[in-house]
Amino acid sequence: MSAHKRSDGISPLWQIRTAIDPRHYWVLALCGLVAPLLGWSIASNLDGVDKVFLPGPADVLARIWTWASEDGLPADVAISTWRVVAGWALSAVIALPLGLFIGSYRSVQALLEPLTDFIRYMPAVAFIPLVMLWVGIEEGSKIAIIFIGTFFQMVLMVAEDVRRVPLAQIEAAQTMGASRGEILERVIVPSAKPALLDTLRVTMGWAWTYLVVAELVAANSGLGYAVLKAQRFLQTDKIFAGILLIGLIGLVIDQGFRLAHRKAFPYLAGRH
Amino acid sequence: MTASIEIRDAFKTFGHGPRAIQALDKANLAIRPNEFVTFVGASGCGKSTLLRMIGGLESLTSGSITVNGRPIAGPGVDRAMVFQHYSLYPWLTVTENIKFCRQLKAHTRDRTSADVEKASGRADALIRLMGLSHVAHAYPNQLSGGMQQRVAIARALMSRPPILLMDEPFGALDAQTREVMHDLIRHVHRIEGSTIVFVTHDVEEAIYLGQRIVLMAPRPGRIDTLYDVPLPAERHQDMKLAPEFLALKREILDRIRETSGMKTDLEQLARLSAEAAELEA
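Residue numbers (the numbering used here), protein chains in the order written: chain Y, 1 to 272; chain U, 1 to 281.
Calculated directly from the structure, the hints in this document are not laboratory data. C-beta: ideal position from N, C-alpha, C; glycine also. One thing to keep in mind: the hints can contain errors.
[As the list claims (entries may be wrong)] Quick list of in silico lysine-lysine cross-link-like pairs, DSS-like style, CA-CA up to 27 Å:
#1 Y:229 / Y:51
#2 U:240 / U:263
#3 U:118 / U:105
#4 Y:263 / U:99
#5 U:263 / U:249
#6 Y:193 / Y:263
#7 U:105 / Y:193
#8 U:240 / Y:193
#9 U:99 / U:118
[As the list claims (entries may be wrong)] Rough simulated footprint, nothing fancy, chain U against chain Y, three-plus residues with beta-carbon under 8 Å:
#10 171-177
#11 189-200
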């Protein structure tokens with residue numbers, strides 16, 4: 001795509017939905033990332049700004065280093081990742097088939113969708129006392145909180161993905177003599193797959209946001225727990241470090257999903 | 001393979017109670033084996049509904065539709081359908097799309113290796129017939145709209161259906177591609193011998209393709225007039241300018257305007273512009 005100046009003199013940068021030069025794109029993207037970092041660095045070095053109030057990027061980096069070398073950061077990352085992935089995977093295992101049936105059969109939709117819609121507005125955090133009562137305070141309870149936070153949204157999104165399968169694809173199969181089982185297996189599931197992988201990606205992000213909440217429950221390890229503990233000792237640099245690390249891991253996983261999406265569904269690339 | 005279709009008092013309403021909409025008033029029509037029938041009419045005339053009822057995708061409120069004397073019960077392999085768009089499977093290549101029905105139990109009962117070989121030959125023949133050889137391993141997203149519809153037609157023909165139902169299959173194509181598709185589908189009709197029921201809103205398309213035209217009218221949807229097309233079985237594009245073609249086209253267009261309320265709209269428009277002219281004067 002080349003970016004030409006239009007005759008009215010408006011630069012492509014300010015035209016609605018117009019392609020811009022790739023170099024401009026990368027410069028802007030870099031600015032968007034570097035500017036806040038620079039602003040943070042300057043603000044933390046201003047006179048009268050207490051390090052406890054706002055640690056600088058260098059302090060946070062130093063803290064990540066000592067955390068990694070002395071304080072067991074790898075173990076924290078591992079246990080947190082395990083909790084998030086376990087809670088998310090558990091909800092996926094149940095939400096995928098359930099959403100498939102809600103999206104395919106109006107009767108199942110009528111039976112389950114209003115209930116799910118209702119529960120998803122209940123705050124996951126408020127379930128903590130109940131989870132402790134029912135599941136205990138072991139690993140299971142942390143996974144349960146993440147499950148509660150992601151499952152109900154996931155079911156509804158899966159059902160919506162399934163409903164978006166074009167009716168013509170289903171009807172074409174019917175006129176070729178496909179049974180209901182064959183339509184689910186050979187049309188609806190493969191047709192919805194790309195959207196389903198996207199739903200899994202998005203809900204994985206939500207699962208990470210519930211980590212700190214989950215590790216409120218009698219944890220003694222994990223990134224969320226470390227943030228909570230640092231709060232108690234006013235280790236602001238460690239709070240920053242924990243938040244940044246959670247964001248970073250989330251970003252890496254998200255990019256992994258996007259890559260998998262491109263590799264798994266090459267047919268989505270259109271005409272060239 | 002071919003089949004006859006008999007539609008008796010086919011009646012259809014959507015919804016219940018006072019808000020029910022009458023989609024089709026008692027329709028009666030007999031379609032002969034190997035006939036090429038086109039349904040034409042303004043939107044809301046029930047032409048697609050009637051086609052979908054023959055296909056078993058829409059139930060009848062009352063009346064009956066029989067194929068070779070047997071009442072239809074839902075969709076079946078004897079009635080293949082081609083849709084306007086979005087019916088191809090984007091995750092399958094052209095060849096895989098065409099062979100899709102071979103994965104279904106309805107087509108694999110009592111299958112022998114000779115059958116498999118025959119089917120394979122059938123798929124190859126259809127790919128050649130439809131001019132798809134150079135894109136046999138491409139995905140639908142990589143094809144133009146016209147090529148995608150060729151794949152959809154080949155897929156529908158794969159199981160040698162006695163009846164081919166087509167719901168505005170060329171509605172989204174440009175005029176030039178359409179002309180090519182018209183000759184292609186007439187060729188298919190000749191060599192496959194299937195009965196074809198073709199729905200369109202394009203009168204020229206209806207005349208050029210059909211042996212018989214069923215004109216339908218809206219409010220409520222109904223069969224209005226039947227026309228026999230006075231053209232020879234062998235057709236070519238020049239015939240679209242023949243006097244008998246143009247006369248029939250005029251007759252049908254007039255009737256559509258009359259029945260769809262378009263005529264009153266035009267009269268209204270004329271009145272309005274006359275009034276405007278008066279005001280200006």
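Going through the hints against the structure:
no. : hint          : in the structure
1   : Y:229 / Y:51  : 18 Å, holds
2   : U:240 / U:263 : 25 Å, holds
3   : U:118 / U:105 : 17 Å, holds
4   : Y:263 / U:99  : 25 Å, holds
5   : U:263 / U:249 : 17 Å, holds
6   : Y:193 / Y:263 : 13 Å, holds
7   : U:105 / Y:193 : 23 Å, holds
8   : U:240 / Y:193 : 46 Å, violated
9   : U:99 / U:118  : 12 Å, holds
10  : 171-177       : holds (count 7)
11  : 189-200       : holds (count 3)
Going down the numbered hints, you'll see the structure goes against just number 8.
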